[in-house]
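Engineer: Next come the chains, spelled out residue by residue.
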Amino acid sequence: MIGTWRLAGLLVRYRARSAMNAVRARPAGPFALLLFFGLASAVAYVGLFATALSTIGTQAGPAGEGTALALMTGAIALASLAAKSSDEGLFAGTPENEFLLARPLSLPRLVSARVLAALLTDPFGALFLLPVLLAATVAWRLPPLAALLAVATSLLAQLAISALAQTIQIAAVRWVPRRRRTAVFVVLRLLAALTLAAVWISATAVLRAPALFSRHGLALQRWSAPLAALAGPLVAYRSSGGAAALRALLPLLAATIAIMTAALAIVRRAGLQGWEEAGAPWSDSATRAPAGRPLTLVRREWRLLARDRPRLVALVVLPVLLLAVQWLGAVGWSSVTATVDRVAMVTFSITVYLAALGPLPHMQHEQRAFWIVRAMPVSIERVMRAKVAAWAPLVGGAATLMFAALAWSLRGPQGPDTAAVLATGAMVLVGALATTVLAVGLGCLTADLSDEQRGALGPGTVYLFLLLGGLLNVIFGADGGEGVRVGALYLVMVAAVWRSGMAQARQCLDPDARRAPLRLADAAVLLLLFALVPFALDRGLGKIGVAPEATALAHVVVLALFGLAAARLLRAPGSVSVPRRALGPSLVIGLLCGVGTRAARRWLFGAGPVLGDGWGAPGVLLVLLAVTLSEELVLRGVVQGALERELRPLGGAAPWVAAAASVVVAQLTVPAWTPLSFLLALGPVLARATTGRLLAAFAARLLILLAGT
Amino acid sequence: MIETDRLTKKFGDKLAVDGLTLSVAAGEVLGFLGPNGSGKTTTIRLLMGLLRPTSGQARILGRDCHTDAVALKQVVGYLPDEPFLYPYLSGREVLELVAGLHGFPAKEARRRAEAAAASAGLGDAAGAYTLTYSLGMKKRTALAMALLHEPQVLILDEPTNGLDPRGAREMRDTIARLASGGRTILMSTHLLEAAERLCHRVAIVQAGVLQAVGTPEELRARYAAGADTSLEELFLRATEATGTPR
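As they're listed, the protein sequences go chains A and B.
Going by this note's numbering, the residue at position 673 of the first sequence is 673; the numbering climbs one at a time, nothing skipped.
Going by this note's numbering, the residue at position 121 of the second sequence is 1121; the numbering climbs one at a time, nothing skipped.
This is chain B alone, in the form it adopts within the complex (with noise of 0.2 angstroms):
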């Protein structure tokens, strides 16, 4: 359902994602690991079109994310790390513009909109101005967003981060809910506990080379680790061996 090969991105002389080859498939969620700088949210405007590959190819339901992006968009979901809102309107408000972008009619768009606003369980808050909303509540109104046109895939760019601990464990609640409705998701983060977990497998990428993938257990048999090794350990030693993120 994802799929890129060979995907590179440069920035000027700097290579933020190289050769990276990956797959999901439908109805899988995959944990997108790496350290700080390895190349994460790259991938992910990537494959969300926002970004043109220097070379690869990235896929989404057999259709290339660069030159059908626009019509992806319209199947694929995205929570962005640091959402935008606009600061002088409502939740309720900016729910109905994304619906409205989308291109549903008004009254679809403000019965979406309401649907969404009272699944994020932003209550009363959906009629206050999001300049007043905390972290936690614009990456649930940000994940209303991303779900509004009810979406095959998904795509989640670190949605735990900066969420306290309440906050987070509602957000991974809700994560798991989405896999179970069958959904396919691609999430980078950094909470390890969580992706082992949430995810049926997990990629591990160091200064945008892909060191590892597969469910926990190939992982562990891959570094010849116990059955009780933890995600985390074995995070430490598929990105001990590449050394500092460029």
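The shape of chain A in the complex, shown without the other chains (with noise of 0.2 angstroms):
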């Protein structure tokens, strides 16, 4: 029989050969995405608990320090402990548990091995304790040699929380009978999830207020103490040297040595029963579904989800959750200071979350059985409307009440007026419903159901849609013209994703059909982004004061990423779908419309401002050429191109038509909109639908703006 060692050195050669044949495949798939943000996670993290531990130091010493890295490591080992025992392989079952267990291993050495090569092939576990414990090498200026006790210390703690994970989830199936394996699973679940929000909660308090935490984190130096074993090495190597670093290792290795024997000793004595049926069909058929009424399509929604205990506790516990850390946990934020601006958002962003757990996975909850309902004389959009009236009461009860909650902590003298809080209510209520709407949308426009597997949401889907959610925080605070401009361009979004997501659905379970190369919801994504980054650029910037040229450069940089993302999307080839004039001509039209808007700005407004001598500097050129370019690419090529496309059933008059739904898209993304701002877009507006080319827009674009202006 094959060793522990062996059997792990192949366990690691593999996952890792498979993890980069993936990155292979798929550059800019779920797990290249997944490894770049977790990487850049980590070095982003070494930075800011250097920065926060640093503040501690200043202010409460050494002591302070020391609770404060026994807290986030005690606090990120319990986390990992409990996600990785709540991990759905075992109460699912894995087919891989099949394939190795078909092959002469016995199961003890199988989960030697497996916590072994957890070590390398796991970097999630690594992640999250390792850049902590950096930070404080970092922070202390302690030699390079303390960055490898850093590791010694994170290896020892993997290997025990593996070990340990593992050997709760065999003994869970092994002696909890099948019939309340459930109820662990979602005890389980509530446990990791309540470990997380304290990760969370330590962790703001750590890095958002460190100042505070120097005032106040000595007092929790007495319920830090249990989990001192973590920080304990660097702590001592930062007092006393090397030896004392490596004397305070020693209660760590015993304390992992033991659990490894432990755990091996309760796997051997489990063996395999429990451990392989999981997951297998026959374990949930004493289960018998009671009577109900009929189906229709909205109730099949709410009983699948009735009947997905842990999906349904995870949707009631998040919101719990994440109300009790704002009301009790997170320093920086209390009722005293909040506003009902402040709850609205809170509010909002929580909702979104909820969203991305409930209506965003829909297709991947249908995966095999969808061909149900594409065989049926039943419309997709009626299929998906039904998702959405299903999901609308939950997502937009869940918001109001979560709204009314926080919105009561607002009461008293000093607090809003009951109008100004309805309203903001109103605001969330719309949001969450119009946040259904584009999961929904969303969950469709990237489903693919042509390969079981293959999961029908990735991780990128999931960022974009927090990210869409997210910006429309935006509404709240801003003033009335802008909230409901901001409002406008959110709902113009959500209705081109509804739309070609719709006709995604449609062909998700054809695995040759291609994707249309300019859709629509890619255009006005991308212009939602374009509009609103910025505008949150610049709250965010301000907030923390950061000057006005930087400030401005990163709106350069910003811009520029805009014009390579929209570049990337128009090079799809068919991106154009309107014939396009030879390259001279288009040219000249591009001018004569240039010209003739200058004309007509002139007549209509008298003469622009002249622009300074700075304006000739090489450097100023350049940003100037690129900004335009960029703007003109996002708003001409993929904006005017994808409604160019999507009005081809009109024919002739399809270039027309988008160029004027374009114009007025277009002049949502303007913060201060004016009727001269309106004609300003007409000459190269009216370029791109007379030539077909976007160079006779940025044609027309350079000389209105560099000619006299």
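Just to be clear, a hint being listed does not mean it is correct.
Only part of the chain B face toward chain A is listed, based on derived beta-carbon distances under 8 angstroms [to be verified]:
1) Val1070
2) Ala1071
3) Phe1084
4) Tyr1088
5) Leu1089
6) Leu1097
7) His1102
8) Tyr1133
9) Tyr1223
A few chain A positions that, by computed beta-carbon distances, are all more than 10 angstroms from chain B [to be verified]:
10) Ile2
11) Ala25
12) Leu35
13) Pro95
14) Pro104
15) Leu120
16) Pro143
17) Pro251
18) Thr261
19) Pro361
20) Ala419
21) Val462
22) Pro534
23) Leu561
24) Gly574
25) Thr628
Worth flagging that the hints you see were computed from the coordinates, not collected in a lab.
C-beta atoms are modelled at their ideal positions from N, C-alpha and C, and glycine is treated no differently.
Could you use the hints to bring the two separately framed chains together as a complex?
Structural biologist: Spelled out as structure tokens, the structure:
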């Protein structure tokens, strides 16, 4: 029989190869994105925690720093253990279990090998604990050897956590009766959520308010003492040097060995019974469906949700926990400092998370059964509308309840007036309903159900949804006109995502179906981000007092990124759907449109401001060119192009209707709208509509911008 | 070579296999037939040591399938009904991994993987990710995995299930070739014509209970059927008495 170390080596080698293959096959796929975000977050955490620990050290001394480190590492270890123990693989079973157990491998050996392999193949285990320990070595200016100590501490902790988690799982299926296993799973999940909330609370306290932590954090020293084993070696290294650090590492080493030994003894005792049966269809065969009213499309969603207890628990637990954190835990946020807009933002953010767990993965839950509704004489729109109808009361109801609960804490003589609370509450409700429609539409837009081995929902979609949902927060706190503009833009985006989503849902079972090169949803999402990200950037950078020059530079960089994203969309073959004129005539038409717009502007609004001397500098011109090009790529290339494609059924009128629609939609991106901004957009739009070329629009735009304005 | 003695498996209140007593001699091919949900896959998983029997015993080569499961897997090859392959490993890489899990050194594992990929007829596809494989290719790869360590005993769960006519034919030919090589094979299948052609004897189970076992001729005699009565007819007679499966 193959030895433990060799088995671990094989698992590492083939998991790494599988991961590399996945990245190679889909360079921008879920795995690559996850790896990128994981590594980027880890590096960011090192910097953030190092800064926070330095601040705490300045005010509370080494004791305060030690407490903060013990609190953070302990909370992370507990959360990691709870999350790993409640992994679905155990209860749902994995095909890999059968694959490996059909080979000559014993369960204890497999568990040991998996524990060892996880040290290298489970980067997220290390990515959470190691950055905090490394941050301490940076903040305390320890020599490079201390980094090795941090790595050793992290590895020992991971070994213990991984062994303990697998043992908890195996023991649960071996000794907990089948009918109670779901309850155990739910309890473990709840525990995982609570410990993760604890990590959030402590991280919030340490990162957001290190000064406040230094004043009050020492009181936590007594509580953090049992968690000190992980922080101990580094604290000892700092105070007494290497020998003391190694002595401080010994308890952790002993604990890890003891946990591994106990884990293997339990696994040996448990044997295969239970574990290998987990996830077998017979497990739940005794469960009979209770009689109920006949299913409709809406009722189907509710019934499926009601019977999917882990999902239901997650949906209930998440808002309760986040609300509790807001009420009780997070430093820097309290009912005293809250305003009704802040309450709305918190509520809406939690609602977006809720929608990411609820309606967003709806196609993931359809997966193999989707053919049933596709084979029925029911339109896809009706099926999806039923999903919205099923989820809207749940998401909207949860948002209203959360808002009411948080708004209640604002009452008092200094509190906002009832009308303001009601108006903001109504906006939260409308936002929650729009988010539900967006979740269902986006779930359809990215779904590919043609391959059962692939999930219908990738992490990229979840991040995009959270970003789009989160951006609606801009509405709260914006003045009336600005709020209306952002709301209208948001509704345009939701409608476009819905329309493109339905088209994708119609063909999602067909593996040969080709994605349209430039979809309305792509254009609308890009337009929304193009309009709101700079707005959010201004607000964010303004709050922390960044210099205007740096803010301007950030804007240029963001605009350039949008230009690159638009160019990538336009590079796809077939992205231009209208006939194009030759290059020379197009350029001439573009310049003529520019001249015409300038003349109209002079006639209607008088001469524009004259540019100062600095405009001639090559650097400034380069920035101007880049920004103009980016804007044209987004507005005329992607938005007008996608509208032309969508309106193709109109034939020859399509470019002109698309031009008219794009002028209106593009005006929603202008923060301070004036008739002049409308007029100035006409030249490039007409140039593009007449020639089918982006170059003509760019020429018109440059002429309007540079020639004497 | 393969023996079960009053083998029983319960899942909660559900009796999946009910006192199954059966034997397969060395070099024999036994067709394991039964309607869906009759306990065929459960019996096969019990034989592979993937499930623990509620009572009774299963033995292969005289060794207990549960207590000696690890050692037995060195001499038994197993083809599951729905084979799992790592989607982002190539067929060749999965075969190398399985050879490694059987304890072969790296060089030997590579040689065996190459040979198995060639004999499975994977051709250039051996270097492609298995997520691009058709069901037939997945089954052929899984069979190659089962044969990598040259086992004396083969346990095949629905080897032709889901395959197109050409794929099913190729799989049948492969099994016939393995049988003529003297291997002991227990094979569950729904293809009664193939079972009649490939198997020395067939066992018919219904609701976890063994209804009949013997050569097609013995079954004809048992059910007083004529020489031209097909195995399909015999199967229906054997299973109709106990009604719908549990």
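Engineer: With 8 angstroms as the cut and Cβ atoms as the points, is Leu1089 (chain B) at the interface with chain A?
Structural biologist: holds, 5 angstroms
Engineer: Quick one: work out the minimum CB distance from Ala25 (chain A) to chain B and report holds if it exceeds 10 angstroms, violated otherwise.
Structural biologist: Non-interface label fails for Ala25 (chain A): nearest chain B Cβ at 6 angstroms, not farther than 10 angstroms.
Engineer: Against chain A, with CB atoms and a cut of 8 angstroms, does the hint on Tyr1133 (chain B) hold up?
Structural biologist: violated, 10 angstroms
Engineer: Please verify that hint: His1102 (chain B), Cβ, nearest Cβ of chain A, below 8 angstroms or not.
Structural biologist: holds, 6 angstroms
Engineer: At 10 angstroms, judged by beta carbons, does Thr261 (chain A) keep clear of chain B as stated?
Structural biologist: Given a closest Cβ separation of 21 angstroms, the condition holds.
Engineer: Checking a non-interface call: every C-beta of chain B should be farther than 10 angstroms from the C-beta of Thr628 (chain A). Is that right?
Structural biologist: holds, 43 angstroms
Engineer: If you take the shortest Cβ to Cβ gap from Phe1084 (chain B) to chain A, is it below 8 angstroms?
Structural biologist: holds, 3 angstroms
Engineer: Would the non-interface assignment of Ala419 (chain A) survive a Cβ cutoff of 10 angstroms against chain B?
Structural biologist: Given that every Cβ of chain B is farther than 10 angstroms from that of Ala419 (chain A), nearest at about 57 angstroms, it holds.
Engineer: If I take the minimum Cβ distance from Val462 (chain A) to any residue of chain B, is it greater than 10 angstroms?
Structural biologist: holds, 21 angstroms
Engineer: Against chain A, is Tyr1088 (chain B) within 8 angstroms by beta-carbon distance?
Structural biologist: Constraint on Tyr1088 (chain B) satisfied, holds at 4 angstroms.
Engineer: Is Pro143 (chain A) truly not at the interface, in the sense that its beta carbon sits beyond 10 angstroms from all beta carbons of chain B?
Structural biologist: Given a closest Cβ separation of 39 angstroms, the condition holds.
Engineer: Restraint: Leu1097 (chain B) near chain A, CB-CB cut 8 angstroms. Satisfied or not?
Structural biologist: Result: holds, 5 angstroms to nearest chain A Cβ.
When held up to the earlier numbered hints, the structure conflicts with 8, 9, 10, 11, 13 and 14 and fits the remainder.
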